[in-house]
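Residue numbers (my numbering), protein chains in the order written: chain G, 1 to 76; chain W, 1 to 303.
Do not take every clue at face value.
[As the list claims (entries may be wrong)] Cut-off 20 angstroms, straight-line C-alpha distance, at most; resulting in silico cross-link-like pairs (SDA-like, lysine to any residue): (1) G:Lys45 with W:Gly205; (2) W:Lys142 with G:Asn40; (3) G:Lys45 with G:Asn57; (4) W:Lys140 with G:Lys70; (5) W:Lys85 with W:Tyr3; (6) W:Lys166 with G:Ser33; (7) W:Lys124 with G:Ile2; (8) G:Lys17 with W:Tyr3; (9) G:Lys45 with W:Lys61; (10) G:Lys70 with W:Lys124; (11) G:Lys34 with W:Tyr163; (12) W:Lys140 with G:Thr7; (13) W:Lys33 with G:Leu20; (14) W:Lys61 with G:Thr7; (15) G:Lys37 with W:Val283; (16) W:Lys239 with W:Phe130.
[What the hints assert, rightly or not] Some residues of chain G that are not near chain W, with every Cβ distance over 10 angstroms (derived): (17) Val14; (18) Lys21; (19) Asn24; (20) Gln26; (21) Ile30; (22) Glu36; (23) Leu39; (24) Glu41; (25) Val51; (26) Val62; (27) Gln71.
[Said to hold, decoys possible] Distance windows between CB atoms, simulated: (28) G:Gly58 with W:Lys303: 33 to 43 angstroms; (29) G:Pro8 with W:Ile117: 38 to 48 angstroms; (30) W:Gly235 with G:Lys74: 16 to 26 angstroms; (31) W:Asp276 with G:Met1: 42 to 52 angstroms.
Hints were generated in silico from the structure; no laboratory data involved.
Just so it is clear, CB atoms sit at the ideal spot from N, CA and C, and this is done for glycine as well.
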Amino acid sequence: MIRVFSTPACPYCVTLKNFLKEHNIQFEDIDVSKDEKALNEMIEKTKQYSVPVIDINGEIIVGFNQDRIKQLLKLT
Amino acid sequence: MLYDLIIIGGGPAGITAGIYAARKKLKTLLITKEWGGQITKANEIENWPGTKKISGIDLIKQMSAQLKQYEIEIEENKEVIDLNKKGDSFKIRDNDKEYETKAVIIATGKIPRTLNIPGEEKFKGKGVSFCATCDAPLFKDKTVAVIGGGNAGFNTALDLIKYAKKVYILEFLEEMRGDPILKEKLEQSGKVEFYTNIAVKEIKGKQFVEKLICEDRKTSEDKELEVDGVFIAVGMMAKVDFAEKLVELNQIGEIVIDKDNYTKTPGLFAAGDITDIKYEQIVIAAGEGAKAALAATDYLNKK
Numbered sequence: 001m002i003r004v005f006s007t008p009a010c011p012y013c014v015t016l017k018n019f020l021k022e023h024n025i026q027f028e029d030i031d032v033s034k035d036e037k038a039l040n041e042m043i044e045k046t047k048q049y050s051v052p053v054i055d056i057n058g059e060i061i062v063g064f065n066q067d068r069i070k071q072l073l074k075l076t
Numbered sequence: 001m002l003y004d005l006i007i008i009g010g011g012p013a014g015i016t017a018g019i020y021a022a023r024k025k026l027k028t029l030l031i032t033k034e035w036g037g038q039i040t041k042a043n044e045i046e047n048w049p050g051t052k053k054i055s056g057i058d059l060i061k062q063m064s065a066q067l068k069q070y071e072i073e074i075e076e077n078k079e080v081i082d083l084n085k086k087g088d089s090f091k092i093r094d095n096d097k098e099y100e101t102k103a104v105i106i107a108t109g110k111i112p113r114t115l116n117i118p119g120e121e122k123f124k125g126k127g128v129s130f131c132a133t134c135d136a137p138l139f140k141d142k143t144v145a146v147i148g149g150g151n152a153g154f155n156t157a158l159d160l161i162k163y164a165k166k167v168y169i170l171e172f173l174e175e176m177r178g179d180p181i182l183k184e185k186l187e188q189s190g191k192v193e194f195y196t197n198i199a200v201k202e203i204k205g206k207q208f209v210e211k212l213i214c215e216d217r218k219t220s221e222d223k224e225l226e227v228d229g230v231f232i233a234v235g236m237m238a239k240v241d242f243a244e245k246l247v248e249l250n251q252i253g254e255i256v257i258d259k260d261n262y263t264k265t266p267g268l269f270a271a272g273d274i275t276d277i278k279y280e281q282i283v284i285a286a287g288e289g290a291k292a293a294l295a296a297t298d299y300l301n302k303k
């Protein structure tokens, strides 16, 4: 299960989500500006307050780290 | 492989240079850390000719999509760390590979100016932010400080009052310099307190930001301000370490160019906010990118 925590006006969030869509990867799109529970979960898990945060089956990455994400999703 | 042209930077200047270079059939590579740069922080752009209103993110999406339709090589998410001369050509190194090219256009724009105070780096992403458009929603019902009483600071505060419970605006000088009309909107919210003559000396906290140490410049007294977040809005700065050997920089670190975008090194051009042009706007950056590409084309044709 892939979950993306983002806010509406964050440029890297847009880039990350487009990247996932381009590679046909399904993900849960969580808007932490509207979902307070999710925001707290994100802060709790990552010990920081910036977006995007992507949770790939339990492995958490802060920011759009393309190489690491490709690795975890087994993309070339 | 020897490129005709390498463009460094994927904002309006770099992208426009890329479109022009590709259409001139120059063998071109564009290297960028991210698409857009400053433009992505703009919520509403109403002065891009031909478009009544558009967000920065959407405009840069359109620009980069247009660029990608042309024959041009692109390296995304890469940062140039070295630029050197190699005989008549140039050698460029990013955090991955090395490239060789006959001409270069530097279009790396500007980055947020930092305060260089203790805690600023440590708490980045843990309460310190440079982008209210991005991060304001994360401070719902919290108390935040904005450092900077100019338009950047006021616009930051306008984003924040939608979510935060309280916003302090801290200005170093005697007076707030932002537009009165913005100040009015902020005052009307009832959430904003304005302080002038404040020098922020340190950002403190355990895991996240908890307080600021501020000096009242008139009384030299130190004061503690409890906050959950601090947004730094003290302007933009030019930083182009990798090119310092080959270009002339002015007093504020901008690359000095002539009216045809030539730097002091032949074959090395620069465009946009990184240069010493007087006015900095998206449409100007795009125009400068086009000029630089055309100048580079002429330069290459003469060789």
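We went through each hint and held it up to the structure:
As the CA atoms of Lys45 of chain G and Gly205 of chain W are separated by approximately 19 angstroms, the hinted pair is consistent with the 20 angstroms bound. Annotation: proposed proximity of Lys142 of chain W to Asn40 of chain G holds, straight-line Cα distance about 13 angstroms (limit 20 angstroms). Between Lys45 of chain G and Asn57 of chain G the CA atoms are separated by roughly 13 angstroms; this keeps the pair inside 20 angstroms, and the hint holds. Distance check on the hinted pair: Lys140 of chain W and Lys70 of chain G sit about 33 angstroms apart at the alpha-carbon level, beyond 20 angstroms; violated.
Annotation: proposed proximity of Lys85 of chain W to Tyr3 of chain W holds, straight-line Cα distance about 14 angstroms (limit 20 angstroms). Our distance criterion of 20 angstroms between C-alpha atoms is met by Lys166 of chain W and Ser33 of chain G, whose separation comes to about 17 angstroms. A hinted pair counts as satisfied when its Cα atoms are at most 20 angstroms apart, and Lys124 of chain W with Ile2 of chain G does not qualify at roughly 26 angstroms. Of the pairs offered as hints, the one joining Lys17 of chain G and Tyr3 of chain W is violated, with about 32 angstroms between alpha carbons and a cut-off of 20 angstroms exceeded.
Using a Cα cut-off of 20 angstroms, the hinted pair Lys45 of chain G and Lys61 of chain W is violated, with the two alpha carbons roughly 31 angstroms apart. Taking the CA atoms of Lys70 of chain G and Lys124 of chain W, the gap is about 25 angstroms. The hint is violated against a cut of 20 angstroms. Among the hinted pairs, Lys34 of chain G with Tyr163 of chain W is consistent with the structure: their alpha-carbon atoms are about 11 angstroms apart, no more than 20 angstroms. Taking the CA atoms of Lys140 of chain W and Thr7 of chain G, the gap is near 12 angstroms; set against the 20 angstroms cutoff, the hint holds.
Restraint check for Lys33 of chain W and Leu20 of chain G: satisfied, since their Cα atoms lie roughly 19 angstroms apart, inside the 20 angstroms limit. Between Lys61 of chain W and Thr7 of chain G, the direct Cα distance comes to roughly 18 angstroms. Compliance with the 20 angstroms bound is thereby established for this hinted pair. For the suggested pair Lys37 of chain G and Val283 of chain W, the alpha carbons sit about 41 angstroms apart, so the restraint of at most 20 angstroms is broken. Distance hint between Lys239 of chain W and Phe130 of chain W is fulfilled; the C-alpha atoms sit about 16 angstroms from each other, no more than 20 angstroms.
For Val14 of chain G, the shortest C-beta to C-beta distance to chain W comes to about 6 angstroms, within the 10 angstroms cut-off, and the non-interface label is violated. Distance to chain W confirms Lys21 of chain G as a non-interface residue, since its nearest Cβ pair spans about 13 angstroms, more than 10 angstroms. For Asn24 of chain G, the shortest C-beta to C-beta distance to chain W comes to about 19 angstroms, beyond the 10 angstroms cut-off, and the non-interface label holds. Every CB of chain W is more than 10 angstroms from the CB of Gln26 of chain G (nearest about 22 angstroms), matching its label as outside the interface.
With a least CB separation of 12 angstroms from chain W, Ile30 of chain G remains clear of the 10 angstroms interface cut-off, as annotated. Look at Glu36 of chain G: its CB is around 7 angstroms from the nearest CB on chain W, not clear of 10 angstroms, so calling it non-interface is violated. Non-interface call for Leu39 of chain G relative to chain W: violated, since the shortest CB-CB distance, roughly 7 angstroms, does not exceed 10 angstroms. Its beta-carbon lying about 13 angstroms from the closest one in chain W, Glu41 of chain G satisfies the requirement of being farther than 10 angstroms from that chain.
With a least CB separation of 7 angstroms from chain W, Val51 of chain G falls inside the 10 angstroms interface cut-off, contrary to its annotation. At the 10 angstroms boundary, the C-beta of Val62 of chain G falls inside the reach of chain W, the nearest C-beta of that chain being 7 angstroms off. With 10 angstroms as the threshold on Cβ separation, the claim that Gln71 of chain G sits away from chain W holds: the shortest Cβ distance comes to roughly 14 angstroms. Here the CB-CB span from Gly58 of chain G to Lys303 of chain W is close to 56 angstroms, at odds with the stated 33 to 43 angstroms.
As the Cβ distance of Pro8 of chain G to Ile117 of chain W is approximately 31 angstroms, the hint placing it in 38 to 48 angstroms is violated. Hint check: Gly235 of chain W to Lys74 of chain G, Cβ distance near 44 angstroms, so the stated range 16 to 26 angstroms is violated. Hint check: Asp276 of chain W to Met1 of chain G, Cβ distance near 51 angstroms, so the stated range 42 to 52 angstroms holds.
The structure is inconsistent with the numbered hints 4, 7, 8, 9, 10, 15, 17, 22, 23, 25, 26, 28, 29 and 30, although it conforms to all the rest.
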